[in-house]
Amino acid sequence: MTLTELRYIIAVADEKHFGRAASRCFVSQPTLSIGVKRLEDELGVTLFERSKTGVHLTAVAEQLVEKARTILQEVDAFKELSDHVKDP
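The sequence shown begins at 350 in the numbering used here and counts up by one.
By construction, these hints were calculated from the structure, which means they are not laboratory data.
The calculated lysine-lysine pairs, modelled on DSS-like cross-linking and capped at a C-alpha distance of 27 Å, are:
1) K428 x K416
2) K416 x K386
3) K416 x K365
4) K365 x K386
5) K401 x K365
6) K386 x K401
On a predicted model such as this, the values are computed, not experimentally measured, just so you know.
Full structure from sequences and hints, please.
Given below as structure tokens:
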């Protein structure tokens with residue numbers, strides 16, 4: 350599991366579309382899809398239901414995406430603290 354994969358699932362959850370999520374993450378759609386699939390395989394769960402009408406979060410994805418948001422916020426806070434300590 351990588352921070353990039355967490356960013357990918359957040360983008361898909363927000364955009365409800367793999368192509369728009371990929372654009373938001375500045376990657377190709379296949380790259381984003383592979384990252385999401387890798388995370389799904391690692392976790393052993395399906396995060397998104399893909400259909401002709403769009404992309405929908407599974408129940409487990411709703412919980413995991415919120416946790417991913419928290420994790421990325423904490424990483425940002427960690428980096429900010431590190432920068433502040435480094436350059437007082």
